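In terms of my numbering, the sequence shown opens at residue 762 and continues consecutively.
Each hint should be verified, as a subset may be incorrect.
To be verified - Capping the alpha-carbon separation at 25 Å, the derived lysine to aspartate or glutamate pairs in DMTMM-like fashion look like this: (1) Lys-805 x Asp-765; (2) Lys-763 x Asp-782; (3) Lys-802 x Glu-769; (4) Lys-805 x Glu-769.
Because the hints were derived from the structure by calculation, they are not lab data. It should be emphasised that the depicted structure is a prediction, and the values quoted were computed from it without experimental measurement.
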Amino acid sequence: LKWDRMYELAIDPVHARAVRDSRSPEDTEACTMCGNYCALKIVKQNFNFER
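Use the sequences and the hints to build the structure in full.
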């Protein structure tokens, strides 16, 4: 995920970053909600979208 872009789009970027940092998962490619079941992570691992 493009976390820097997510912070830019947040209503309160400072608070969003603070919350993410306080709950940061071990795997930085996924959020704290899905973990290993993250659809974005699974797609990235299993498909090659380069042209």
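In ascending order, which of the hints set out earlier in this document are inconsistent with the structure? Failing hints: none at all.
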